[in-house]
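Listed here are the chains, written in short residue letters.
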Amino acid sequence: MKNILYIGRHPEILETVVRLINNNEDWFGAGAETDEDAMELFERIHFHIVLLGCGIEPENEEKLRTFFKSTNPDCAIVQHYGGGSGLLTNEIRMALENHNMA
Amino acid sequence: MDRKDFIKKGLMGTGMFITSAAVGDVIKNDIDEIKELEPLGFNHLPNPESFVMENTVVHKAATRGHANHGWLDSHHTFSFANYHNPDRMHFGVLRVLNDDRVDAGMGFGKHPHDNMEIISIPLEGDLEHQDSMGNTAVIKKGDIQVMSAGTGIYHSEYNKNKDRLTKFLQIWVYPNKKNVTPRYDQISLDENDRHNKLQQILSPNQDDAGVWIHQDAWFHLGKFDKGFATEYKLKKEGNGIYAFVIKGDFNIGTISLNERDGLGIWNTSAIAIESLSENAEILLMEVPMVL
Chain H
2 MKNILYIGRH
12 PEILETVVRL
22 INNNEDWFGA
32 GAETDEDAME
42 LFERIHFHIV
52 LLGCGIEPEN
62 EEKLRTFFKS
72 TNPDCAIVQH
82 YGGGSGLLTN
92 EIRMALENHN
102 MA
Chain G
71 MDRKDFIKKG
81 LMGTGMFITS
91 AAVGDVIKND
101 IDEIKELEPL
111 GFNHLPNPES
121 FVMENTVVHK
131 AATRGHANHG
141 WLDSHHTFSF
151 ANYHNPDRMH
161 FGVLRVLNDD
171 RVDAGMGFGK
181 HPHDNMEIIS
191 IPLEGDLEHQ
201 DSMGNTAVIK
211 KGDIQVMSAG
221 TGIYHSEYNK
231 NKDRLTKFLQ
241 IWVYPNKKNV
251 TPRYDQISLD
261 ENDRHNKLQQ
271 ILSPNQDDAG
281 VWIHQDAWFH
291 LGKFDKGFAT
301 EYKLKKEGNG
311 IYAFVIKGDF
321 NIGTISLNER
331 DGLGIWNTSA
341 IAIESLSENA
351 EILLMEVPMV
361 L
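Chains as they are written, first to last, in my numbering: chain H, 2 to 103; chain G, 71 to 361.
For the record, the hints were derived by calculation from the structure and aren't laboratory data. Cβ coordinates follow ideal geometry from the N, Cα and C atoms, glycine included. Take these hints with a grain of salt, some might be off.
[Stated by the list, open to error] Cross-link-like lysine-lysine pairs, in silico, PhoX-like; alpha carbons within 25 Å at most: (1) H:Lys64 <-> G:Lys247; (2) G:Lys248 <-> H:Lys64; (3) H:Lys70 <-> G:Lys248; (4) G:Lys306 <-> G:Lys267; (5) G:Lys267 <-> G:Lys237; (6) G:Lys317 <-> G:Lys210.
[Unchecked claim] The following residues of chain G were derived to be distant from chain H, with all beta-carbon distances above 12 Å: (7) Ser149; (8) Phe298; (9) Ser326.
Work out the full structure: start from the sequences and follow the hints.
Structural data, given as structure tokens:
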């Protein structure tokens, strides 16, 4: 099971992306709209991949990346594009392959 | 209880601080993109065959990914949805080139997008568009539709006609700026303006011909008589160009292309194009090679 955290400011897209992740029986998806929720989740669950979604301000993204890398250096941090099913599976599979987690 | 259920139930049990969406499919969701894209009859072809040379890549039509969902028959030049081919992820910032056929009266229900420049080019029939910005429109052959998804939009695209199919190209380009304000536009072009010449249909500039997007990209369409030859000069240093044959046969430089073949070229300032058949149609997409 690969654990995947999605962070994005658009609540409906967040809900959709997390649902799509969980459609794959080998993946567990969780989501957070705020940085605080994301960091708290990250401390509670060992995530293999973090997907950065829409609306995250550059300075917040930098803080999040620093936090995730210092907490779990092996976690892959990926910018998610497209906001739906089109690229999601490819992004996750590429992250797993590139980080030898496939 | 498997690990996935355990984690979900664990989160639910703690009254977790995250949004309710965090537990994914535990929550009922009436925004349903994937439902209509369930892989019924899914038979994508994981063709690894690409002809990569010093500064070119050829994607023959028959080697594209293929997904047949019944009402939707789609060929993917690059990895998309269930078609995953690590050798075919993108050409520069050109990320998606889908060649779609949608049955009469069918279509894509309401679904979201963010941070992507999405261009649709109808080839046959009519598509009815609705989106979360309040736009309702029909696009037909000759039109170009563009959406900057930015911070997030919802839209649906249906074949407006109940008695005939529609065909269109769906193209996604990575934006050069994240989280822009969502935007929709469409234009109608005179197809006579591409007869034996290249008609610009997209650029980065609001006051230029065609639609515009948040990227240093230029798209052109051409419809050529047999034997007609021309040259395309790239507009920005460092950009590459991806040619997609809509109809007929072409030579680009020394490379022969047939219907629905694709050819990417980089490290060049110009390409020579020659039509090998009557009424041959080509789409040229000049894009940055790095994001």
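Consistency of the hints with the structure:
1. H:Lys64 <-> G:Lys247: Since the Cα atoms of H:Lys64 and G:Lys247 sit roughly 19 Å apart, the hinted pair holds (cutoff 25 Å).
2. G:Lys248 <-> H:Lys64: holds, 17 Å
3. H:Lys70 <-> G:Lys248: Satisfied, since the Cα-Cα distance of roughly 22 Å is no more than 25 Å.
4. G:Lys306 <-> G:Lys267: holds, 20 Å
5. G:Lys267 <-> G:Lys237: Distance ~23 Å between G:Lys267 and G:Lys237 Cα, so the pair holds.
6. G:Lys317 <-> G:Lys210: Between G:Lys317 and G:Lys210 the Cα gap is close to 18 Å, so the pair holds against 25 Å.
7. Ser149: Since the minimum Cβ distance to chain H is about 5 Å, G:Ser149 lies within 12 Å and the statement is violated.
8. Phe298: Since the minimum Cβ distance to chain H is about 36 Å, G:Phe298 lies beyond 12 Å and the statement holds.
9. Ser326: Holds: least Cβ distance 30 Å, greater than 12 Å.
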